[in-house]
Amino acid sequence: MDTSADKDNKILIVKDLKTYFYTYEGIVEALDGVHLVVKQGETVGLVGETASGKSVTAMSILRLIAWPPGKIVNGQIYFKGRDILKLSESEMQKIRGNEIAMIFQEPTASLNPVYTVGHQIKEAIALHRQINSKKEARERSIEMLEIVGMADPAKAFKKYPHELSGGMQQRVMIAIALSCNPDMLIADEPTTALDVTIQSQILDLMADLQERIGMAILLITHDLGVVAEVCDRVAVMYAGVIAEDGDIKAIFKEPKHPYTKGLLSTIPKVVGGKGILQEIQGEVPRLINPPNGCRFHPRCAHAMDKCRKEKPGQYRVGNSHSVTCFLYK
Amino acid sequence: MRIWSYIFKRLLSIIPVFLGVTILTFSIANVIPGDPVTLALGHRASDDQKNVFREKMGMDKPIIIRYGMYLKNLSRGDLGVSLRTKRPVLKDLLTYFPATLELTVSALAISLLFGIPLGIISAVKKDKPVDHATRVFALLGVSMPIFWLGFMLLILLYMAFPIFPGGGRLSLATTTPQTITGLYTIDSLLSGNWGALKDAIWHLILPAATLGFCYVAVISRMTRSSMLEVLRQDYIRTAKTKGLSESGIIRHHALRNSIIPVVTVSGALLGQLMSGSVLAETVFNWPGIGLYAVQSIIFLDFNAIIGFTIVVSFAYVMANFVVDILYVIIDPRIKLQ
Amino acid sequence: MKKDTTMSTLDVTDGFSELGERFKSILREIRYSLHMIRHSPLTLMGIGIFLGLLIMAIFAPHIAPYDPEEMNPPILLRPPSLEHFFGTDEGGRDIFSRVVYGSRISLKVGFIITFLSMTIGTIVGITAGYMGGVVDKVLMRITDVFFAFPYLVLAMAITAALGPGITNTMIALSIVWWPLYARITRAQALRVKELPFIEAVRSLGAGRLRIIFVHILPNCIDPILVQASIDVGAAIMWCAALSFIGLGAQPPSPEWGAMITSGSHYLRESWWYATFPGLMILVVVLGFNLLGDGLRDIFDPKLRR
Chain A
1 MDTSADKDNK
11 ILIVKDLKTY
21 FYTYEGIVEA
31 LDGVHLVVKQ
41 GETVGLVGET
51 ASGKSVTAMS
61 ILRLIAWPPG
71 KIVNGQIYFK
81 GRDILKLSES
91 EMQKIRGNEI
101 AMIFQEPTAS
111 LNPVYTVGHQ
121 IKEAIALHRQ
131 INSKKEARER
141 SIEMLEIVGM
151 ADPAKAFKKY
161 PHELSGGMQQ
171 RVMIAIALSC
181 NPDMLIADEP
191 TTALDVTIQS
201 QILDLMADLQ
211 ERIGMAILLI
221 THDLGVVAEV
231 CDRVAVMYAG
241 VIAEDGDIKA
251 IFKEPKHPYT
261 KGLLSTIPKV
271 VGGKGILQEI
281 QGEVPRLINP
291 PNGCRFHPRC
301 AHAMDKCRKE
311 KPGQYRVGNS
321 HSVTCFLYK
Chain B
1 MRIWSYIFKR
11 LLSIIPVFLG
21 VTILTFSIAN
31 VIPGDPVTLA
41 LGHRASDDQK
51 NVFREKMGMD
61 KPIIIRYGMY
71 LKNLSRGDLG
81 VSLRTKRPVL
91 KDLLTYFPAT
101 LELTVSALAI
111 SLLFGIPLGI
121 ISAVKKDKPV
131 DHATRVFALL
141 GVSMPIFWLG
151 FMLLILLYMA
161 FPIFPGGGRL
171 SLATTTPQTI
181 TGLYTIDSLL
191 SGNWGALKDA
201 IWHLILPAAT
211 LGFCYVAVIS
221 RMTRSSMLEV
231 LRQDYIRTAK
241 TKGLSESGII
251 RHHALRNSII
261 PVVTVSGALL
271 GQLMSGSVLA
281 ETVFNWPGIG
291 LYAVQSIIFL
301 DFNAIIGFTI
311 VVSFAYVMAN
321 FVVDILYVII
331 DPRIKLQ
Chain C
1 MKKDTTMSTL
11 DVTDGFSELG
21 ERFKSILREI
31 RYSLHMIRHS
41 PLTLMGIGIF
51 LGLLIMAIFA
61 PHIAPYDPEE
71 MNPPILLRPP
81 SLEHFFGTDE
91 GGRDIFSRVV
101 YGSRISLKVG
111 FIITFLSMTI
121 GTIVGITAGY
131 MGGVVDKVLM
141 RITDVFFAFP
151 YLVLAMAITA
161 ALGPGITNTM
171 IALSIVWWPL
181 YARITRAQAL
191 RVKELPFIEA
201 VRSLGAGRLR
211 IIFVHILPNC
221 IDPILVQASI
231 DVGAAIMWCA
241 ALSFIGLGAQ
251 PPSPEWGAMI
261 TSGSHYLRES
271 WWYATFPGLM
281 ILVVVLGFNL
291 LGDGLRDIFD
301 PKLRR
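Chains as they are written, first to last, in the working numbering: chain A, 1 to 329; chain B, 1 to 337; chain C, 1 to 305.
A few of these clues could be false.
Stated by the list, open to error - Restricting the straight-line Cα-Cα distance to at most 20 Å, the calculated cross-link-like pairs of lysine-lysine (PhoX-like) are:
id: 1; chain 1: A; residue 1: K249; chain 2: A; residue 2: K261
id: 2; chain 1: A; residue 1: K10; chain 2: A; residue 2: K86
id: 3; chain 1: A; residue 1: K311; chain 2: A; residue 2: K15
id: 4; chain 1: A; residue 1: K71; chain 2: B; residue 2: K126
id: 5; chain 1: A; residue 1: K71; chain 2: B; residue 2: K125
id: 6; chain 1: B; residue 1: K128; chain 2: A; residue 2: K71
id: 7; chain 1: B; residue 1: K9; chain 2: C; residue 2: K137
id: 8; chain 1: A; residue 1: K39; chain 2: A; residue 2: K249
id: 9; chain 1: A; residue 1: K80; chain 2: A; residue 2: K39
id: 10; chain 1: A; residue 1: K135; chain 2: A; residue 2: K155
id: 11; chain 1: A; residue 1: K329; chain 2: A; residue 2: K306
id: 12; chain 1: A; residue 1: K80; chain 2: A; residue 2: K15
As the list claims (entries may be wrong) - Some chain A residues well away from chain B (every beta-carbon gap over 10 Å; in silico):
id: 13; residue: K10
id: 14; residue: Q130
id: 15; residue: N132
id: 16; residue: N181
id: 17; residue: V196
id: 18; residue: Q199
id: 19; residue: L203
id: 20; residue: L205
id: 21; residue: D208
id: 22; residue: L209
id: 23; residue: K249
id: 24; residue: V284
id: 25; residue: N289
id: 26; residue: H302
id: 27; residue: R316
None of these hints come from the bench; they were simulated from the model. Beta carbons: idealized from backbone N, C-alpha and C, even for Gly.
One chain only, chain A, in its complex shape:
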């Protein structure tokens, strides 16, 4: 268990999280022991290719994995010192939207088309805060719309989602998410579906709000460029495992895990002047029958005998920089 000093600092501690999906074709071991730490007020990026388990991790944290077919089979998730995996559903509902909020990739689909935007913000507020009058809820919602940078918030309040652009819809999602001043925001590919120009606006907005409210952000993305711009620390995910995590300079300057190295070498600009685009051999494994031992070993140039048989643990390689690879044991 962590000491109380740690508890103040680390708002989210995920330990050995395993989430499996029981399907017609077999058991999909989507998460195979995920370790993750998020400190108060910081922005942690969670990167990886599609189907690496990033979204599953996020949904597992909020305990929104639908059974059937999915189930969290192992691990602990400490949020503000409590293991939320042990909470009842109604206790969990008090945390969702209130202490941990989440926004998604497709804002159009994520907003209910038959209610106005303002109504949907009001709902979030009314759910978790003692609101004495409709007027109060309405005012607070308009306030939120202003905070997220909507032009003419009073008018926007009455609009339906389909009347707004993608960027504005995402702002609304952020307004909903932040309406109860959560301690942590999980953002699952929030800018992927938006235009490049809007992307940076939204990211700026999120950074701005983070400073104001002092919340932590877990930013899920496959875009290393975004990570480099906004994150304090980053965790690299591969096939349901955190391959490497550390603060941003460490990861980008001195990547240790073979996968991270390969990933970074695919970006011509980040790595200082090497200029040779390298390809990581092989394919992401199907998680129904994952490879034994280290999940990356079939594609790893440095694979040892040990890697085929045993699963590596997390090994420290620097100040808050750890790698899941036998090379660094």
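Chain A is fixed; fit chains B and C onto it per the hints.
Quick look at chains B and C alone, frame taken from chain A:
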């Protein structure tokens, strides 16, 4: 303002359909085997009567002219005279229409009242025993002949256990309530005639239940699939992350969205109910336009049959029109151009 | 799967292997369908009911213990017993035998109506969907007119005008039913004609008729088949309804609907008379509904594994 122009445009588009309806019924009445004069006057008409009729109706004139006359008569509300009752068909239909309305509306209410919750439960507890049971029940409802169900209910709840009356709208002893709407239940309610109210309701239950049961199935299936579709949507996921409870999600988010297709189906349902009421009225001796039509058929009263067909289809088209408008009002996504 | 990169110099072999692949994929489809059917008890029940009906109709003379028309006044209106499973009617005829023979009528009616309306409707629908433009508009207006009538009401009118009888009932119901297939097929045709491969086939010089029947039609079949299997049952039921009103089969025909009408006159004393024919209708329609539902699940892409 935009909604009024939409309504107007829809009304305009109905006109060709109405026209088509008249053409179709006119064809049925005239351009098919059988001497139309005999059809209109009956087999017992004398040759003189037939000739007079032939002249009056312009049977020798080209078919377009006859169609024109037919339309003209329609626009004046002249549907001919019933061979059987010797009264104008339109008058007959108007007399018997309230009874059918009462029956159909009650049946619709029953099917919605039972069908929608069943569909919701079925969707929320998908693949669990409740779901399977509901689906089998729904399937039975759809597969059951309405008239057979009516008879079975009569055997059980009227003959074996005399709980309900065996037919008609009121017992012989009860006096008809003061006519305000023609619907005995409403009328007795409005005039404070509690005895008649109870009697009217008691007579209404079996026929309405028979008619309604078969469509409980249709509604619950529709609600179920619509609800399942809605629950798959991303905004349900958002609602969960807000911290809404399961019942809260269903009540505030899923319900509104899943009801919309059910509203649209209600229009078509009304048509089925009208078909079904023909059968239910026959079984329960319910004096509505359905029973009128069946009696007319036995009598070979073609004016009445054709008149009935036209009136019912007009009503059906208007009902669908109303449902269309409702649909546009309810769903904010529909852009009114 | 290891990629075989060695070049084959024999096109013929390629051609054959192409055919072989086609067969294999069709076999896979059939295997998958059979698998789905086996795992769905309800669908199996539907198939069972359908087969039962077929057997009953084909082997009626062997299954029915008595002559369905043979009057036997001394034993009129007897309740169900070992000699007469469903009891006897007002002429002393064995109701069970009449029900069995009635299956012939129902099966004939169901299939003919469905086949006729399906054929007409599909042709109209595909033409409207593929041609588009004025042809589409006109054809759709016509189907709209038919849709303006509740089914039974229009069928009643047509049958009444043609004269009561089962043949006329079949004609009337086919006329009322085809627009449904037209609508389904048209919707499908609209979807399929936008698919890229149609463009490809057209650029290879395929004529309109060929495109419609060889390429578009097969892709529209799924929902048509589902609807048709349900409709056989529905047609049987509506025909019974028309007979019940007096427009369809006439006595002494052992049609189930007509039997219910006769039975309704003896409801209090002889409950069995109206009950069993109706039960048969229920079971048969249920069977076809289950079959249709099962087919729908097989064809549903969202449920595919």
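Of all the hints numbered above, which does this structure not satisfy? Sort the numbers upward.
Per hint list: zero violations.
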